[in-house]
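**Q** From first to last, the protein sequence lines stand for chains A and B. Heads up, the first sequence is in the numbering used here, so the first residue is 1 and it goes up one at a time. Heads up, the second sequence is in the numbering used here, so the first residue is 1001 and it goes up one at a time.
Calculated directly from the structure, the hints in this document are not laboratory data. Since this is a predicted model, take the numbers as computed values, not measurements. Glycine is no exception: its CB is placed at the ideal position from the N, C-alpha and C atoms. Any given hint could turn out to be false.
Okay, derived cross-link-like pairs now, DSSO-like style, lysine-lysine, Cα gap no bigger than 27 Å in a straight line [unchecked claim]: (1) B:1187 x A:181; (2) B:1583 x B:1525; (3) B:1302 x B:1322; (4) B:1585 x A:181; (5) B:1161 x B:1322; (6) B:1322 x B:1187.
Covered stretches of chain A, going by a simulated chain B footprint (3 or more residues, C-beta under 8 Å) [stated by the list, open to error]: (7) 81-94; (8) 116-125.
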Amino acid sequence: MSSLGTRLRALAQQSGGSAQSVPSDSGSTEDIGTDVQQRLRRSMLSRAHPPTVKATTGSDRLAKAVGGTPIGPSLIRLETRHPRIRGHGHQNLAGEREAAAYLGHPHASSGGRIVFFDTETTGLAGGTGTVVFMVGLAWFDGPDLLLRQYLMSGFGGEPGLLQAVTEDLEQAGLLVSFNGKSFDVTQLETRYRLASLPSPLRRPEHLDLLFHVRRMFARRWPNCRLSTVEPMLLGFQRHNDLPGSMAPTAWLNWLRMGHTDMLREVAEHNRWDLVSLAALLPAIDARYRGTDSDTYCADVDHARTATWLASIHGDHSALEYLQRHRDNLDLSAQHELARTARRIGDWSLAVDIWQELARQSDGLAIEQLAKYFEHRLHDYRTALTWVDTLLTLERDIEAHRRRHRRLLHKCASCSG
Amino acid sequence: MSQVVVPAGSANAAARSEPDVGGLVRSLGRRFANRVTGELLIPAKLGNYADLPPELDPRLHQALTRRGISRLYSHQAAAWTSVRNERHTVVVTPTASGKTLCYNLPVLHGALQDQHKALYLFPTKALSQDQVAEINELNAAGELGVRAYTFDGDTPGDARKAVRTRGDIVVTNPDMLHQGILPHHTKWAQFFESLKYIVIDELHTYRGVFGSHMANVMRRLRRVCRFYGVDPVFISCSATIANPGELAELLVGDTVHAIRESGAPSGPKTLLLWNPPVVNPDLGIRASARSQSSILAREAVKAGLKTIVFAQTRLMVEVLTKYLKDAFDKDPRRPARVRAYRGGYLPTERRETEHKLRADQVDCVVATSALELGVDIGSLDVCVLNGYPGTIAGTWQRLGRAGRRNRPALGILVASSLPLDQYIVRNPEFFLGASPEHARIAPDQLLILLDHIRCAAFELPFSDDDDFGSDALLPFLEYLEQEQVLHHEGGRWHWVADNYPANAVSLRSVAEGNFVVVDTTGGRKDIIAEVDFSSAAMTLYEGAIYMIQARPFQVERLDWEGRKAFVTQTRADYYTDAIDYTKLKVLSEFRADASGAGQCAQGEVHLVLRVAGYKKIRYYTHENVGYGNINLPDREMHTTAVWWRLEADALCQAFESRWQSLDGFLGAAYAMHFVAALLTMSEPGDLGRAVGNSDATWFSHVGTRGRGSAQKFNGDDVDLERPEQIFAPTVFLYDNYPGGIGLSEPVYEMRAQLLTGAREMVSECRCPAGCPACIGPILSSDEERTVSAKALALRVLELLSAPGSAGA
């Protein structure tokens, strides 16, 4: 180790930083070999032109280990097929175009490929220092879901990877991801920018399923990670899956020590991510449209789901959705149903719901009834009785008292 | 009311100009002749003007005209020409000389004519906001439509994208550039591709550790700019320092054209150096600076002069404001004549004070250095400095607050009892004749450089043949590869660690791992202060009294690993002082020279600091009321130092005993330490001092039993009088940062000046036997000695001085 290195390490310690001299794994002969190679390379470096790394031999070995084909310098392509008829968990792999259309991407039903998209990176920190070492793409091809993954066996593979992804996305009309809008796309666009290449990720529309999962389940589940979503929505359980957080280590272990095992697992993990994306699309659609059996709907946050439906497909869709789940609606969803009914003019339905909730002493429902009788029916006396009830529940709210005074006044002027 | 009240209207401004300032000076001179130790008259200077450049964009021309600007000062015109010729430019601008136009003119012109973008860097957030407000006023005046935005920690997430993609001028600070922009430069691609100007205002603030970091951030910025194919022109503005051009070149890393001649007019100015009267001649105790500043401000305001008082701390601002309000704002129904201005106030409140000052609605403002930096407050007549600001440059910047717009002005520097202050007022020729300090930075300081190479490698991979800084880059990259941060492949060094290095690097310090002070009083958990790693051991040991704004807190528990000190409020009538042992070993001597009868050298040293215990000292009486032990790990560092030593022979002839000469060394070291800080424009804490044997067998401290005791590092006493004991006492002044921050070099260069200064400081002090203003505090028993500690210190300083320099 250079004397500079020794000094730096000592100074770092003196200034309060933790000394991080991480010893590389020792033991296996492979490690020692690599370490020696590195030392040799370094010492040669300081004198002469650096030798080029033999990335291709490395590529071959890695390609074999992960079941892929070297397609360029330091670049491996893995291609596998997942038949539609196999399904995923208890979810069928079908109806993706209709599903995408219903989820707000109507063009998806006609033009362009629907491409499922997921990346593996050297870190979650973000910024220009994070490398996307694997890009997984999948689309339906005849009877199968075609899974295509690009894996860099070294940094030299990046230009090729970016180029290959650009070509694959030429026919894409819609990208489907899980948290891709804030993470995968941002990271990959950074790589395109650094390579001074135009990004192919801007043109296609982008459907990020995380938003839908959050809408339906954020208030129900401890988190909305894919690993949580899979058993709940797809009935799919992974076995011996390498956690996504290990991906950086896996790639570094390959780079530094030539370990291939973990990268094979990363590739498999990435493939399951892609299949899950393809299955999640119809699964979420089914929950909106109620086309699935009711078993898996118990958890859904119907109020927020209906709000979204109303904004995309109009009040009648929301109403229909809530009516369908009428027996399973929680308080906020019942209010949502009443609100929706009122908006489309179905006052009797709205009043029915409010009266039912009023029997359970729900203040908001009673207030709505008071408003309904005062402003809609001009029945000030009934309105006043509702406000009286309301004041027994929520005594200190100034708006209620104001309403009470106003109604007293209106009653007096009507009878007098 | 018998007193004639001068109405504070602008109509009377001319009528009360010169006679009042002159009258006040004469009156002060007559009544307090013995307090004025120096006087300087700076004659008025006429303005030097130039026409607006003919090629200036007509919209901008119109905006300026509407704002009442029909011509430029000569330095503004020179800056325009220099920048338009694509030269990196630094403009040295006194306070209120229209510096913002130096950069706003070319930047706005570029934005209007060529869609050029600009990045403005200000050292603080508050200044950024002022700047955007100012650009927007010009914008409004000329309907220019140039978009200027601030980008800092307060910018909301949803606004950031708009700033990145639509801003013509982005105003930010170095910390944000370092942590928020550069590591995400691809998001800023559009901005960088059209970036033409980089403005660094308040350039003089980038010195020491902060400046060294800043120079590296600029290296990273230019590297990213090159990636986007641009090479922006740097425009910077600096207050008066000795080396603006050199500092700018170090920061920018390129040749910079310096414009040093200001064309702004200034009125005649009088400067008085003021020493508070001695109130206890025996102990050499003087009246407080605070009382004198208060008297002077009262005199000035009574004479109808607009006055600013600068205090060093926020607390002192409040105290002085109270004293002056007691005098002038007794009637709560009338608008306040005295206002305070300091950091920690809400921006709206500060804006209001600024506005009232500009509108002549306030007679006196008491401020911290928050008002020193570029804030426009209009003209003032008198500036009182409560204590020496620490640097000559900083003193002139504050004094510059008085005397704008051709009016005569008065500045008064009131000395406190600190050694630097006393030295300044007793040596008026030093201050009045001295050029301002050099601002020094050490961009290639190993740790700082390594931090930024790390950050730069994250931003863009290095190639084998890349440079960064003046040292060879390759060994650093190899080191980082061993740390598993980088991976070398195909001639490039790629970032592979799963972290974000900029977050671990603070631009304001050299070491990571600051300590936070947590107030746990009554179940609270408030963070109330942050303490540098380097001073934590001396101030945050368990049992220590830690002071914030003169409020005492006691440290209950110190979590060394977690970098936290848990404190509770206390009412202790004592403060605590750590007893530390220093062991310094010379590793290599870079250079050496004779120094009088001894030797002076500079080199690399290994330092071990052990904080062994502490004393409890009662307020006012200063008696020891207890001791405590401290169990903390030793602190070790390699750094650079300058040292002076005298051989035993020379000492034998000059002193009766070894302990006497050691006493002399301790006193001399105290004085030399402060003068070194003065000469290097650094804080006294940036330099450390130690006295010990040159072979590190023993070190000496001002002990609890008086002076002149020597200990081994384990705390055992050493009997110096034993003849076989090796005796070569040495004064060390070391750079108090691991690896050094480049202070020992100038200390060595100025070694002759330093000794002269120290001798003057000691010999001209009026105390009989030594005091905190010259050789450090002494015990009352010391005064009864036959030879005073002060005389001994002078003897050492004389022995170290070259013969013939005695009268210098």
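**Q** The structure should be examined with respect to each hint, and the outcome stated for every one.
**A** Quick rundown of the hints versus the structure:
1. B:1187 x A:181: holds (14 Å)
2. B:1583 x B:1525: Distance ~37 Å between residue 1583 (chain B) and residue 1525 (chain B) Cα, so the pair is violated.
3. B:1302 x B:1322: Distance ~17 Å between residue 1302 (chain B) and residue 1322 (chain B) Cα, so the pair holds.
4. B:1585 x A:181: Since the Cα atoms of residue 1585 (chain B) and residue 181 (chain A) sit roughly 58 Å apart, the hinted pair is violated (cutoff 27 Å).
5. B:1161 x B:1322: Outside the cut-off at roughly 46 Å; violated.
6. B:1322 x B:1187: Outside the cut-off at roughly 50 Å; violated.
7. 81-94: violated (count 0)
8. 116-125: holds (count 4)
Consistency with the previously given hints fails for numbers 2, 4, 5, 6 and 7, ordered from lowest to highest.
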